[in-house]
Amino acid sequence: MPAVVTTTPTIRKTALNAVHRQMGAKMVEFNGWDMPVEYPSAGGIIAEHNAVRTGVGIFDVSHMGDIRLQGPQALAAVQHISMNDPSRLAIGQAQYSALLYPQGTFVDDVIVHRLEEDDYLLVINAGTREKDFSWVRDNTRQFDCKVENLSDDFTQIAIQGPKAVDLLEKLHHDLVDVPITDPNVRAPFQKLKIDADFSSVKFYWVTHGRMLTMTGNLRRYDDNILIARTGYTAEDGFEIYVPADETISALVWNGLLATGKELGALPCGLGARNTLRLEGKLPLYGHEISDTINVWEAGLDRFCKIEKPEFIGRDALEKAKSAGLKRTLVGLEMVERGIARDGYKVLDNNGKEIGYVTSGSYAPFLKKNIALAYVPPELGNIGSTLKVEIRGQEVAAKVVPTPFYRRPKKQ
Amino acid sequence: MSYPSDFKYTKEHEWIKADGKNATIGITHYAQESLGDIVFVDVPKPGTELTAGKSFGSVESVKAVSDLYAPASGTVTEVNSELATAPEKINKDAHGSWMVKITLKNPDELKSLLSAADYEKFVAEEGGH
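For the record, the sequence lines run as chains E and D.
Take the position in the first sequence, starting the count at 1, then add 58; the result is the number in my numbering.
Take the position in the second sequence, starting the count at 1, then add 193; the result is the number in my numbering.
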């Protein structure tokens with residue numbers, strides 16, 4: 059027996075991990091998860107990003123977390139912890155919100171789904187799974203509702219892009235052939251069908267579908283597959299929640315990619331996920347939002363219903379509103395050559411440090427170098443010029459309207 | 194991938210092709226593959242002095258910033274201006290996309306660099322192909 063036992067934190071894997079590796083994905087550790095950052099066989103980040111903007115992209119987002127609140131006081135519980143107003147949700151409707159600390163800063167951002175009368179699902183970030191669950195459980199004890207952590211129960215797949223609905227409708231109307239990639243599957247064929255009226259689901263609404271998977275003549279039906287018309291790409295799209303069984307997950311993933319091939323479907327990793335959400339000015343926890351940033355600074359006013367009589371963080375936010383903003387989140391576009399990246403300093407035109415970049419990158423669809431940054435409000439007017447310090451050089455940037463990209467309206 | 198035998202290589206994945214006192218510098222196929230889509234190249238102006246082993250610029254992909262290390266000492270004579278507007282050319286053909294041309298200060302420095310065979314072995318050990 060060794061005298062000293064050392065333990066290393068185990069990196070977590072989604073049910074699709076083997077499939078990603080088989081496809082030759084470049085893997086990276088993200089918040090304790092072994093995730094694909096890009097798929098060289100698909101062409102890499104830029105190709106993946108543009109597939110979502112023009113066709114459809116498929117993402118494994120199973121690392122995200124899921125918390126269910128169910129019971130007679132579930133609504134009251136959600137009202138207490140969430141800054142948006144869940145009483146506005148009809149059954150089947152979802153809304154973007156955030157869980158706040160008493161100081162009015164962020165525990166996490168979240169999508170609140172009203173599944174049934176007294177049944178709510180909160181979908182949260184990967185890196186904050188445990189923190190959020192503890193927070194929700196500890197802050198809703200006084201309410202008659204059950205709080206469950208369902209994060210490990212689902213493989214969550216995002217299908218994003220203008221052709222997402224077309225791809226899913228193919229799975230609705232046909233029992234599609236699925237290529238078998240798992241050497242352990244000893245069957246002559248696999249097939250997939252998902253019965254749901256995808257076209258009728260409005261943006262930020264959910265439905266439930268019935269999924270049929272066939273491995274040879276073995277048929278398996280999964281009812282109540284949650285399907286949400288939500289996403290993190292600033293495009294139309296869906297997120298589906300299938301059982302976290304490796305064989306089923308691989309079947310669904312492969313079926314989506316194979317059927318979507320003629321629509322230009324590509325597998326997409328975290329690299330494209332980040333550039334897509336950045337173009338759409340969607341916040342990332344730890345960057346635009348965190349436990350030291352408040353709702354007003356982050357510009358998320360419209361998701362915060364301060365007129366609600368009570369929720370955690372409300373009083374601090376009211377005080378902060380009266381005190382006025384010390385910093386605000388703005389969009390930057392580089393004017394001189396250079397890419398502003400996360401954490402780089404923002405300077406005024408005299409070279410004085412006045413803020414920092416929260417997220418920055420080359421934007422593959424816009425073909426520009428863009429960034430989000432916190433700066434004093436008086437220096438953040440549209441058109442103002444600022445500088446970003448890039449490896450010791452002061453590089454000019456200008457404040458631009460956000461979001462940088464908005465998807466075209468359907469004609 | 195076969196690495197040109199008339200190039201010399203560094204462990205930081207730069208290549209250098211010498212022709213008497215003149216040399217051309219770029220990054221290897223392995224480097225561009227590791228980086229992914231290259232979106233930005235930052236190299237110094239003609240007249241700049243490079244010192245062997247020291248950083249002289251950078252190459253950026255969507256996700257990463259990577260320093261460029263001088264394979265040899267010398268003075269920059271020419272910069273490939275195509276890479277300012279089409280950095281993706283490096284992904285398409287890394288060994289055919291030169292970044293800077295220099296006049297060598299001390300051509301003997303190249304003797305300590307890796308041959309194509311040694312570089313291929315080095316890259317195979319690093320998990321490349």
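Hints were generated in silico from the structure; no laboratory data involved.
From the three backbone atoms N, C-alpha and C, an ideal C-beta is built for every residue, glycine too.
Treat each hint with caution, since some may be false.
Stated by the list, open to error - Stretches of chain D that chain E covers, calculated by requiring three or more beta carbons in the stretch to come under 8 angstroms of a beta carbon on chain E:
{"no.": "1", "region": "242-248"}
{"no.": "2", "region": "271-278"}
As the list claims (entries may be wrong) - Label-pair distances were calculated between CB atoms; the ranges are:
{"no.": "3", "chain 1": "D", "residue 1": "A257", "chain 2": "E", "residue 2": "G450", "range": "39 to 45 angstroms"}
{"no.": "4", "chain 1": "E", "residue 1": "E320", "chain 2": "D", "residue 2": "K214", "range": "42 to 48 angstroms"}
{"no.": "5", "chain 1": "D", "residue 1": "A257", "chain 2": "E", "residue 2": "A454", "range": "21 to 27 angstroms"}
{"no.": "6", "chain 1": "D", "residue 1": "P239", "chain 2": "E", "residue 2": "E452", "range": "21 to 27 angstroms"}
{"no.": "7", "chain 1": "E", "residue 1": "E411", "chain 2": "D", "residue 2": "A277", "range": "42 to 48 angstroms"}
{"no.": "8", "chain 1": "E", "residue 1": "E188", "chain 2": "D", "residue 2": "P237", "range": "28 to 34 angstroms"}
{"no.": "9", "chain 1": "D", "residue 1": "E318", "chain 2": "E", "residue 2": "D232", "range": "34 to 40 angstroms"}
Status of the hints after comparison with the structure:
{"no.": "1", "hint": "242-248", "result": "violated (count 0)"}
{"no.": "2", "hint": "271-278", "result": "violated (count 1)"}
{"no.": "3", "hint": "D/A257 - E/G450: 39 to 45 angstroms", "result": "violated (19 angstroms)"}
{"no.": "4", "hint": "E/E320 - D/K214: 42 to 48 angstroms", "result": "violated (56 angstroms)"}
{"no.": "5", "hint": "D/A257 - E/A454: 21 to 27 angstroms", "result": "holds (23 angstroms)"}
{"no.": "6", "hint": "D/P239 - E/E452: 21 to 27 angstroms", "result": "holds (23 angstroms)"}
{"no.": "7", "hint": "E/E411 - D/A277: 42 to 48 angstroms", "result": "violated (28 angstroms)"}
{"no.": "8", "hint": "E/E188 - D/P237: 28 to 34 angstroms", "result": "violated (48 angstroms)"}
{"no.": "9", "hint": "D/E318 - E/D232: 34 to 40 angstroms", "result": "violated (48 angstroms)"}
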